[in-house]
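Visitor: Based on the sequences and whatever the hints tell you, model everything.
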Amino acid sequence: MDKKKMKILVVVDIVILVALVIILMTLKGGYEEQARRTANEQETAYLEKNTQVLVEQWRAVDQYSMAWKLVHTVLSGVKSEAAFGPALAAIEADKDARFKQVSHLYTGAGINDNVQNGIYQKAGLAEGSILLKNEKNSKEVACGKGCVVKFSYAKGKLTNVDFSGLVQFNLANSLKIEKPAEYHFE
Amino acid sequence: MNLKNISIALTVLVFGVIAMLFMQKGNYVNQAKEHYDATTAKSFKGNSMVLELVNNAIDMNKATWAIACEGLQTAKSSQDMAKLEAKFFPATKGSMSITNKTRRFEASSANVIVSTFGKVEENKKTGVKSLVDLQSVDVSVLLGKVAPVVEEVSDEEGAEE
Numbered sequence: 001m002d003k004k005k006m007k008i009l010v011v012v013d014i015v016i017l018v019a020l021v022i023i024l025m026t027l028k029g030g031y032e033e034q035a036r037r038t039a040n041e042q043e044t045a046y047l048e049k050n051t052q053v054l055v056e057q058w059r060a061v062d063q064y065s066m067a068w069k070l071v072h073t074v075l076s077g078v079k080s081e082a083a084f085g086p087a088l089a090a091i092e093a094d095k096d097a098r099f100k101q102v103s104h105l106y107t108g109a110g111i112n113d114n115v116q117n118g119i120y121q122k123a124g125l126a127e128g129s130i131l132l133k134n135e136k137n138s139k140e141v142a143c144g145k146g147c148v149v150k151f152s153y154a155k156g157k158l159t160n161v162d163f164s165g166l167v168q169f170n171l172a173n174s175l176k177i178e179k180p181a182e183y184h185f186e
Numbered sequence: 187m188n189l190k191n192i193s194i195a196l197t198v199l200v201f202g203v204i205a206m207l208f209m210q211k212g213n214y215v216n217q218a219k220e221h222y223d224a225t226t227a228k229s230f231k232g233n234s235m236v237l238e239l240v241n242n243a244i245d246m247n248k249a250t251w252a253i254a255c256e257g258l259q260t261a262k263s264s265q266d267m268a269k270l271e272a273k274f275f276p277a278t279k280g281s282m283s284i285t286n287k288t289r290r291f292e293a294s295s296a297n298v299i300v301s302t303f304g305k306v307e308e309n310k311k312t313g314v315k316s317l318v319d320l321q322s323v324d325v326s327v328l329l330g331k332v333a334p335v336v337e338e339v340s341d342e343e344g345a346e347e
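Those protein sequences? They're chains A and B, same order as listed. Just so we're aligned: the first sequence equals residues 1 to 186 in the numbering used here. Just so we're aligned: the second sequence equals residues 187 to 347 in the numbering used here.
No lab work stands behind these hints: they were computed from the structure. Incorrect hints may have been included.
[What the hints assert, rightly or not] In silico lysine-lysine, BS3-like type, Cα no more than 27 angstroms apart, as pairs: (1) B:K331 x A:K122; (2) A:K79 x A:K4; (3) A:K79 x B:K262; (4) B:K273 x A:K79; (5) B:K305 x A:K79; (6) B:K228 x A:K122.
[What the hints assert, rightly or not] So the derived label-pair ranges between C-beta atoms look like this: (7) A:T159 x B:N309: 31 to 37 angstroms; (8) B:E220 x A:N160: 54 to 60 angstroms; (9) B:M209 x A:V11: 25 to 31 angstroms; (10) A:K49 x B:S281: 45 to 51 angstroms; (11) B:K315 x A:D113: 28 to 34 angstroms; (12) A:D162 x B:G304: 24 to 30 angstroms; (13) B:G304 x A:S129: 32 to 38 angstroms; (14) B:E238 x A:K155: 45 to 51 angstroms; (15) A:K176 x B:K310: 53 to 59 angstroms; (16) A:A90 x B:N309: 49 to 55 angstroms.
Cβ coordinates follow ideal geometry from the N, Cα and C atoms, glycine included.
Guide: What follows is the structure, given as structure tokens:
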């Protein structure tokens, strides 16, 4: 190569180099920011989705617990149709007792207070009433995630409590923690 | 000659910088992926464990409640309660206190019920005592209230079996 061409090559190299360094610097910040942002967004979305499952479980356990307490109260009490409403209302209104009952189950499961409080902060207790049907001679209450307890009355007296839904209660099929999806940069 | 060396060095540098340009993106993506994988894996593991432990606890809890409530609905005597216990927990047996007219069933320390009966009945032929006339089933342990007093493992324990 002659000297002239060499000179041109050097000049072109320097120009390209300067341009590349500028591009490098510009992209660096962009990549770093995008990587941090996308990772944070995807982590937060996953953690929220995950926590939501535990929130649903907590609320379902609250309904389940109220339903068992109601069945026990109805079977232990005066067994009249008139007593059903007040018994349910008393159970639903006693939020301390509800928390205690749910917390007791979680403690028995080996879940420590910190984790329980973390879930409770987000979940609170199940909202609304568990009463699904309130007709003469027939009452139904929800006991969490598709579970129903049926109370039958005749002439104002209790004839049967069908709590088979509670005996078969199982959250394993309805609540699942999904594996995290692959991280994606874009 | 000098110019030639410089131009070669600069060309090599240009390719080097181009390579860096491509690599830096990969580095940031890898760093972000590592952070994401570690955080989500921890959450997956921890929350799956909570979900499973609670589901397992529910299994034992519901069986204990079922004994209490089926007992209230159908049982008359301590034998009936014993049958219910065996139905839900084949490996665990309740204990009777003839003195207190109670039968205590403990599936685990968190799952305890105590049935109280009205009368003690003695089988004339065998002399075996059992409890009849179920009055109530105490579920205060299941409700998370203070645990009932642990009764002494009884006189005539399991007398009806």
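Visitor: Give a verdict on every hint.
Guide: Comparing the hints with the structure gives:
1. Between K331 of chain B and K122 of chain A the alpha-carbon distance is near 24 angstroms, which keeps this suggested pair within the 27 angstroms criterion.
2. Using a Cα cut-off of 27 angstroms, the hinted pair K79 of chain A and K4 of chain A is violated, with the two alpha carbons roughly 108 angstroms apart.
3. Using a Cα cut-off of 27 angstroms, the hinted pair K79 of chain A and K262 of chain B holds, with the two alpha carbons roughly 17 angstroms apart.
4. The suggested pairing of K273 of chain B with K79 of chain A holds, with an alpha-carbon distance near 26 angstroms, which does not exceed 27 angstroms.
5. Taking the CA atoms of K305 of chain B and K79 of chain A, the gap is near 23 angstroms; set against the 27 angstroms cutoff, the hint holds.
6. Straight-line distance between C-alpha atoms of K228 of chain B and K122 of chain A comes to about 19 angstroms, which keeps the hinted pair within the 27 angstroms bound.
7. Between T159 of chain A and N309 of chain B the beta carbon distance is about 33 angstroms. The supplied range of 31 to 37 angstroms therefore holds.
8. In this structure, E220 of chain B and N160 of chain A meet the distance hint of 54 to 60 angstroms, their C-beta atoms being roughly 59 angstroms apart.
9. Taking the beta carbon of each, M209 of chain B and V11 of chain A are about 27 angstroms apart, inside 25 to 31 angstroms as hinted.
10. In this structure, K49 of chain A and S281 of chain B meet the distance hint of 45 to 51 angstroms, their C-beta atoms being roughly 46 angstroms apart.
11. Hint check: K315 of chain B to D113 of chain A, Cβ distance near 44 angstroms, so the stated range 28 to 34 angstroms is violated.
12. Take D162 of chain A and G304 of chain B: their Cβ atoms lie about 27 angstroms apart, and the range 24 to 30 angstroms holds.
13. Separation of G304 of chain B from S129 of chain A is about 36 angstroms and conforms to the stated range, judged on CB atoms against 32 to 38 angstroms.
14. A hinted range of 45 to 51 angstroms holds for the C-beta pair E238 of chain B and K155 of chain A, which are about 46 angstroms apart.
15. Taken as a hint, the range 53 to 59 angstroms holds for the pair K176 of chain A and K310 of chain B, whose Cβ atoms sit roughly 58 angstroms apart.
16. Between A90 of chain A and N309 of chain B the CB atoms are about 42 angstroms apart, so this pair departs from the stated range of 49 to 55 angstroms.
Checked against the numbered hints above, the structure violates hints 2, 11 and 16; every other hint is satisfied.
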